[in-house]
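Engineer: Sequence:
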Amino acid sequence: MIIKNIKNTFLIDKINNPVGLAFIISMLLLIIGQIVSPGFATLKQIINLLIVASFLGIVAGGQTLV
Numbered sequence: 025m026i027i028k029n030i031k032n033t034f035l036i037d038k039i040n041n042p043v044g045l046a047f048i049i050s051m052l053l054l055i056i057g058q059i060v061s062p063g064f065a066t067l068k069q070i071i072n073l074l075i076v077a078s079f080l081g082i083v084a085g086g087q088t089l090v
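Under my numbering, the residues of the sequence shown are numbered 25 to 90, in order.
Simulated from the structure, these hints should not be mistaken for lab results. Some clues are possibly wrong.
[Said to hold, decoys possible] Restraint ranges, calculated between C-beta atoms of paired labels, are given here:
(1) L54 with G81: 10 to 20 Å
(2) G63 with T88: 27 to 37 Å
(3) L89 with S61: 34 to 44 Å
(4) L52 with I75: 20 to 30 Å
(5) I55 with S78: 20 to 30 Å
(6) I75 with A46: 13 to 23 Å
(7) G81 with L45: 12 to 22 Å
(8) L45 with I71: 22 to 32 Å
(9) Q58 with V90: 35 to 45 Å
(10) L89 with F64: 33 to 43 Å
(11) L74 with I48: 14 to 24 Å
(12) L89 with I59: 37 to 47 Å
(13) G63 with N40: 30 to 40 Å
(14) N41 with S78: 22 to 32 Å
Backbone N, C-alpha and C fix where the C-beta goes; we use that ideal spot for every residue, glycine too.
Could you put the whole structure together from the sequences, leaning on the hints where they help?
Structural biologist: This is how it looks when you write it as structure tokens:
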């Protein structure tokens, strides 16, 4: 019973945390993408997505300075 309450509290804390919520949504989108399009969640594809996201992050960071 105590362990079940600890697990539930841990999940609730993750959902209430904006970073945890973003992580959960990202994982759900990754799983849905893999179901809809097999091969979507391969290591090569994830690396490509991270490269594109890093480029957009650098551009967005630069735009905040202008």
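Engineer: With reference to the structure, classify each hint as holding or not holding.
Structural biologist: Going through the hints against the structure:
1. L54 with G81: 10 to 20 Å: holds (18 Å)
2. G63 with T88: 27 to 37 Å: Roughly 35 Å apart at Cβ, these two residues keep to the hinted range, so it holds.
3. L89 with S61: 34 to 44 Å: Hint holds: Cβ distance 37 Å, inside 34 to 44 Å.
4. L52 with I75: 20 to 30 Å: holds (22 Å)
5. I55 with S78: 20 to 30 Å: holds (23 Å)
6. I75 with A46: 13 to 23 Å: At 19 Å between Cβs, range holds.
7. G81 with L45: 12 to 22 Å: holds (19 Å)
8. L45 with I71: 22 to 32 Å: holds (25 Å)
9. Q58 with V90: 35 to 45 Å: Check passed, 38 Å falls within 35 to 45 Å.
10. L89 with F64: 33 to 43 Å: holds (34 Å)
11. L74 with I48: 14 to 24 Å: Given a distance of about 18 Å, which is inside 14 to 24 Å, the answer is holds.
12. L89 with I59: 37 to 47 Å: holds (40 Å)
13. G63 with N40: 30 to 40 Å: holds (34 Å)
14. N41 with S78: 22 to 32 Å: Hint holds: Cβ distance 23 Å, inside 22 to 32 Å.
When held up to the earlier numbered hints, the structure conflicts with none and fits them all.
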